[in-house]
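Visitor: Here the protein sequences come in this chain order: A and B.
If you count by my numbering, then the first sequence holds residues 1 to 300, one letter each, in order.
If you count by my numbering, then the second sequence holds residues 301 to 600, one letter each, in order.
By construction, these hints were calculated from the structure, which means they are not laboratory data.
Computed from a predicted structure; not experimentally measured.
Certain hints may be false.
To be verified - The list that follows gives simulated cross-link-like pairs (lysine to any residue, SDA-like), each with its CA atoms no further than 20 Å apart:
| id | chain 1 | residue 1 | chain 2 | residue 2 |
| --- | --- | --- | --- | --- |
| 1 | B | K357 | A | A62 |
| 2 | B | K491 | B | T448 |
| 3 | B | K321 | A | N53 |
| 4 | A | K64 | B | I345 |
| 5 | A | K150 | A | E243 |
| 6 | B | K321 | A | P259 |
| 7 | B | K364 | A | R46 |
| 8 | A | K241 | B | T539 |
| 9 | B | K388 | B | K530 |
| 10 | B | K541 | A | E218 |
| 11 | B | K364 | A | I45 |
| 12 | A | K230 | B | R540 |
| 13 | A | K57 | B | A362 |
| 14 | A | K25 | B | T539 |
| 15 | A | K21 | B | K364 |
| 16 | B | K321 | A | E43 |
Take a look at the letters that make up each chain.
There are 2 protein chains.
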Amino acid sequence: MTDCIIIGSGTAGISAALTLKANGKNFIIFGSASLSEKIEKAESIRNYPGLSNATGKAFVAALKTQLSDMEIAVTEEKVIGVYAMNDKFGVATQNGNYYESKAVILACGVESVKTIEGETEFAGRGVSFCATCDGALYKEKTIAVFCTSKRLEHEIEYLAGFAKKVYLIPMYKPVEIERENIEIVRKMPVKIAGETRVNKLIFKDGELKIDGLFSLRESVSPVTLVNDLKTEGGHVCVTRKMETNLKGLFAAGDCTGRPYQYAKAVGEGNVAAHAVSEYLMGEMMLNGKAQTGDLTFRFE
Amino acid sequence: MTDCIIIGSGTAGISAALTLKANGKNFIIFGSASLSEKIEKAESIRNYPGLSNATGKAFVAALKTQLSDMEIAVTEEKVIGVYAMNDKFGVATQNGNYYESKAVILACGVESVKTIEGETEFAGRGVSFCATCDGALYKEKTIAVFCTSKRLEHEIEYLAGFAKKVYLIPMYKPVEIERENIEIVRKMPVKIAGETRVNKLIFKDGELKIDGLFSLRESVSPVTLVNDLKTEGGHVCVTRKMETNLKGLFAAGDCTGRPYQYAKAVGEGNVAAHAVSEYLMGEMMLNGKAQTGDLTFRFE
Numbered sequence: 001m002t003d004c005i006i007i008g009s010g011t012a013g014i015s016a017a018l019t020l021k022a023n024g025k026n027f028i029i030f031g032s033a034s035l036s037e038k039i040e041k042a043e044s045i046r047n048y049p050g051l052s053n054a055t056g057k058a059f060v061a062a063l064k065t066q067l068s069d070m071e072i073a074v075t076e077e078k079v080i081g082v083y084a085m086n087d088k089f090g091v092a093t094q095n096g097n098y099y100e101s102k103a104v105i106l107a108c109g110v111e112s113v114k115t116i117e118g119e120t121e122f123a124g125r126g127v128s129f130c131a132t133c134d135g136a137l138y139k140e141k142t143i144a145v146f147c148t149s150k151r152l153e154h155e156i157e158y159l160a161g162f163a164k165k166v167y168l169i170p171m172y173k174p175v176e177i178e179r180e181n182i183e184i185v186r187k188m189p190v191k192i193a194g195e196t197r198v199n200k201l202i203f204k205d206g207e208l209k210i211d212g213l214f215s216l217r218e219s220v221s222p223v224t225l226v227n228d229l230k231t232e233g234g235h236v237c238v239t240r241k242m243e244t245n246l247k248g249l250f251a252a253g254d255c256t257g258r259p260y261q262y263a264k265a266v267g268e269g270n271v272a273a274h275a276v277s278e279y280l281m282g283e284m285m286l287n288g289k290a291q292t293g294d295l296t297f298r299f300e
Numbered sequence: 301m302t303d304c305i306i307i308g309s310g311t312a313g314i315s316a317a318l319t320l321k322a323n324g325k326n327f328i329i330f331g332s333a334s335l336s337e338k339i340e341k342a343e344s345i346r347n348y349p350g351l352s353n354a355t356g357k358a359f360v361a362a363l364k365t366q367l368s369d370m371e372i373a374v375t376e377e378k379v380i381g382v383y384a385m386n387d388k389f390g391v392a393t394q395n396g397n398y399y400e401s402k403a404v405i406l407a408c409g410v411e412s413v414k415t416i417e418g419e420t421e422f423a424g425r426g427v428s429f430c431a432t433c434d435g436a437l438y439k440e441k442t443i444a445v446f447c448t449s450k451r452l453e454h455e456i457e458y459l460a461g462f463a464k465k466v467y468l469i470p471m472y473k474p475v476e477i478e479r480e481n482i483e484i485v486r487k488m489p490v491k492i493a494g495e496t497r498v499n500k501l502i503f504k505d506g507e508l509k510i511d512g513l514f515s516l517r518e519s520v521s522p523v524t525l526v527n528d529l530k531t532e533g534g535h536v537c538v539t540r541k542m543e544t545n546l547k548g549l550f551a552a553g554d555c556t557g558r559p560y561q562y563a564k565a566v567g568e569g570n571v572a573a574h575a576v577s578e579y580l581m582g583e584m585m586l587n588g589k590a591q592t593g594d595l596t597f598r599f600e
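Work out the full structure, taking the sequences as your base and the hints as a guide.
Guide: Below is the structure:
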């Protein structure tokens with residue numbers, strides 16, 4: 001079991017990882033080896049202290065060097081569920097792997113593309129966020145696939161291997177996937193509807209009959225990831241120590257709210273990592289395993 | 301009247317300044333042209349995202365370049381008082397200047413040297429934090445000078461020009477000032493005592509009769525700077541938006557509490573600057589001066 005699992009390799013997740021490493025904790029950071037598409041696309045970063053008018057590419061390159069210097073490797077698995085247990089967390093990934101950890105830091109960012117009405121309501125009842133998990137359930141069926149990033153096209157391919165018909169609603173250009181059973185729909189859905197289960201996708205000017213909808217997004221929304229997580233306006237509620245309402249679960253970066261800024265994310269990642277160290281120490285004290293000398297830092 | 305005054309040129313203050321500049325606000329940042337002695341002394345910075353194993357000197361150099369690129373100049377005056385008025389703040393500096401601002405960000409750091417017992421209690425009744433302000437009051441008197449940094453030696457010189465006798469208690473080495481009426485005391489005071497006014501300084505093994513005590517510190521404690529500011533354990537109490545208990549007054553960085561880390565300070569400076577912009581917009585709306593288009597960003 002690791003001390004901590006960090007979900008997300010944007011600035012918040014990286015900041016948390018650097019600090020956990022400096023504090024001698026063992027952890028896994030899930031994300032992308034290319035770290036963050038969002039950062040990479042930034043034309044010019046002016047207000048991040050220490051970088052004078054850097055490009056997003058230069059910032060990502062600097063972060064990669066730093067991770068490699070600190071011997072931190074990003075684990076490229078997409079997290080699809082976080083399960084809070086008594087004194088630990090279970091974390092499931094799309095690859096079918098399962099990890100356990102004493103603490104978790106959510107640093108999954110925010111999706112710039114809004115949730116479709118009904119997406120959360122019908123989760124598990126026809127709406128899925130994981131192609132490899134649920135694809136086989138839709139053999140010979142008709143599905144819609146809402147996809148926010150070209151990087152997820154391989155998942156569409158996978159789904160089209162099962163489904164009879166795929167209505168693909170891409171939020172990116174160009175679409176490079178071509179298959180007979182895939183029809184591209186260039187309209188924004190208004191609502192996912194159904195009775196006990198999803199049965200149609202509604203647009204301003206019409207609707208499609210579907211058996212299910214896959215929502216493929218770069219970052220899964222925290223509410224979808226973790227049951228009973230307290231949020232407000234789509235953002236995770238946190239204290240000044242980046243604690244969520246669930247003991248041992250912390251959050252940092254854009255997922256905790258505006259301003260969506262590198263500096264804020266970096267700060268929160270750092271604070272979350274310190275709070276995790278403090279939390280782990282508290283747990284050790286409770287179990288009588290710690291010596292006072294282990295307490296190398298503290299908040300108030 | 302400026303939009304904002306930032307007090308402190310450490311990482312929090314600089315982060316706030318960069319963001320206010322990017323947001324098109326006019327502001328003054330008070331601090332030191334060398335920015336921060338603390339950062340400069342850092343041997344190696346490992347967990348600040350973007351800087352791979354940089355020295356404190358390299359970090360300071362990068363910050364200076366960035367400030368100059370963004371055309372931000374640090375005003376080298378020491379702030380000695382912040383006065384909250386109805387809808388603005390008055391800020392007094394040691395040079396005898398007085399500034400007005402709509403909002404203020406406290407980014408004054410924390411003094412590593414603890415407050416002496418009685419220091420806050422006797423403020424204005426024999427304890428002073430400003431040599432040039434109160435020095436002349438101690439003509440031909442006996443004073444103690446508690447000084448935390450060599451950079452403040454010119455103030456001791458100034459005081460010794462008035463006082464008959466100066467007991468200098470330096471928290472640094474070596475002391476380079478030499479005058480007949482200055483006696484160096486290499487002991488940590490335990491308590492400042494007196495009745496209506498200060499009359500003695502107590503040590504573990506004795507005491508000194510004094511008429512007043514000057515506490516010369518690199519950073520004045522926020523409680524000393526601002527009346528009625530809510531603090532806890534010496535740290536300014538803030539919300540997630542870095543608001544203090546006083547409307548229009550924000551705080552960021554070490555002065556708001558642990559962890560004392562660059563990343564945290566940078567994040568809080570950024571958030572404080574955004575909160576100031578939001579605050580100014582709110583005030584404009586109240587006064588009917590704003591157009592909706594001015595609202596270039598928002599928190600939730």
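Visitor: Measure nothing beyond the straight line between the CA atoms of K321(B) and N53(A); if it is 20 Å or shorter, mark the hint as holding.
Guide: 13 Å, holds
Visitor: Hint check: K541(B) vs E218(A), CA-CA at most 20 Å. Holds or violated?
Guide: Distance ~28 Å between K541(B) and E218(A) Cα, so the pair is violated.
Visitor: Checking one constraint from the list: CA of K364(B) to CA of I45(A), max 20 Å. Satisfied?
Guide: 16 Å, holds
Visitor: Are K25(A) and T539(B) close enough, with their CA atoms no more than 20 Å apart?
Guide: 29 Å, violated
Visitor: Please work out if K230(A) and R540(B) have their alpha carbons no farther apart than 20 Å.
Guide: 16 Å, holds
Visitor: Quick one, are K321(B) and E43(A) close enough, alpha carbons at most 20 Å?
Guide: 18 Å, holds
Visitor: Going straight from one Cα to the other, do K321(B) and P259(A) come out at no more than 20 Å?
Guide: Roughly 16 Å between the alpha carbons, so the hint for K321(B) and P259(A) holds.
Visitor: Measure nothing beyond the straight line between the CA atoms of K388(B) and K530(B); if it is 20 Å or shorter, mark the hint as holding.
Guide: 18 Å, holds
Visitor: Given the hint that K241(A) pairs with T539(B), test it: the Cα-Cα distance must not exceed 20 Å.
Guide: Given pair K241(A), T539(B) holds - Cα atoms ~11 Å apart, limit 20 Å.
Visitor: Holds or violated: are the alpha carbons of K357(B) and A62(A) at most 20 Å from each other?
Guide: It holds: about 18 Å lies between the C-alpha atoms, which stays within 20 Å.
Visitor: Measure nothing beyond the straight line between the CA atoms of K57(A) and A362(B); if it is 20 Å or shorter, mark the hint as holding.
Guide: 18 Å, holds
Visitor: Sort out whether I345(B) lies within 20 Å of K64(A), counting only the CA atoms.
Guide: 16 Å, holds
Taken one by one, the earlier hints fail for this structure at numbers 5, 10, 14 and 15, listed in ascending order.
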